[in-house]
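**Q** Working from the sequences, and respecting the hints, build out all of it.
Be aware that the sequence shown starts at 303, since it is given in this note's numbering, and climbs by one per residue.
No wet-lab data here; the hints were simulated from the structure.
What you are looking at is a predicted structure, and each value in this text was computed from that prediction instead of being measured.
Heads up, the beta-carbon is just placed ideally off N, CA and C, and yes, glycines get one too.
All clues stand as given, with none of them false.
FRET-style restraints, in silico, Cβ to Cβ:
id, residue 1, residue 2, range
1, E691, A320, 19 to 27 Å
2, H695, G599, 34 to 42 Å
3, R393, S466, 38 to 46 Å
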Amino acid sequence: MPLTPVLLASAIFFVTYALIVSERVHRTISAMLGGMCMVLGGVLSQEEAFRAVDWNVIFLLLGMMAITAVLRETGLFQWIAVQAVRLGNGRPYRILVILSLITAVSSAFLDNVTIVVLVVPITLFVAANLHMDPLPFLIGEVLAANIGGTATLIGDPPNVLIASAADIDFLTFMSHMGPISVLILLAFLGLSGIMFRRELQTDADWYPDVASLDASNLITDRRTLIRSLVTMVLVIVGFLVSGFVHLEPATIAMSGATLLLFWSGIDPQRVLREIEWTTLLFFVGLFIVVQGIVRAGLINWLAQEALNLTHGNLPLTAMLVLWLSAAVSGIVDNIPYTATMIPLVESLTRAIAGQPLSLWWCLALGACLGGNATLVGASANVVMASLSERSGHPIRFWRFIRYGLVTTTMSLVLSSFYVWLRYL
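**A** Structure representation (structure tokens):
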């Protein structure tokens, strides 16, 4: 029997995913091998493979990693970490809540990947002074980042795609997604105290040493710090007005990084050595692998067959879109999945009576919250794992699932009630 593109693409995808999950091969090599096989196997042409990569994501990460590398030189992250420890009164759970809240709120107004790049160095310093494993803090923060990013149009890339397709403005989007995101975040903060209760136990003898630190002495280069913060403010403002000035976030991030390298006078080779190149190459390979199964029609077929089961019933269709989106987004990147689902949801909103926007909210909730399920479900997860691994604290795939799957299930149950009560 001839090997059809669908079978070949499916085989490549599942083998790639198995290698990533098994951790026998580094995830970057696994993703690049999968991308290579998609091209050499004829599933994608070289041009299609190049177009499959979301270069906006790649260069956004590159720019923010460069800015973060310069900020790290100034001692700012250590200063913020000490303030967080003091505010939390030295109690690990309180500190986790503070850092998670900062991460979630920031992720609503900036890309959650950007926030993760900024918050990980702070967390590593906090954990080192707590004499604790940083992984509970890092995992908690990235889960909070994905929850916070659900709240607004600019918080997560799928939301941008959905808002554009459904012609939803910023305030309308936030008025619908904001309340449920806040509810899920509050529930998650309570849940995290249960999930991480063993990991958050520590000896309090270290705390007087940290409390007595002169935080002002932690800032080692005030001139570079001021220039870095000015650049960071310009970048954040650029992100917020990017839709009005018609500039991609990647352009803004790279412009900020270039300006800061010029202004600070830091040796660019030092900065480039701090870039997570393995993370960037992982995303390149993963984008190509996912585009392979999209190009072969596998995701489109799966979504269409699942939606056909509802026979036009709005409540059933809404719940199916929500849970199917979460399930698929936990396995593949949610950006190509969302792009694939948009035409289907558009046709369903025209065919089904009732509140057609409810299907868009279900797609947004499922795609964003489903990314919390696995280590490769969201871009922020992968970035956090790579930064943690570089610091000597690798995160195992199955350890992340222990917390991610519980959080995702809780989020989807609350989302289901919210959608049912408000729209159905």
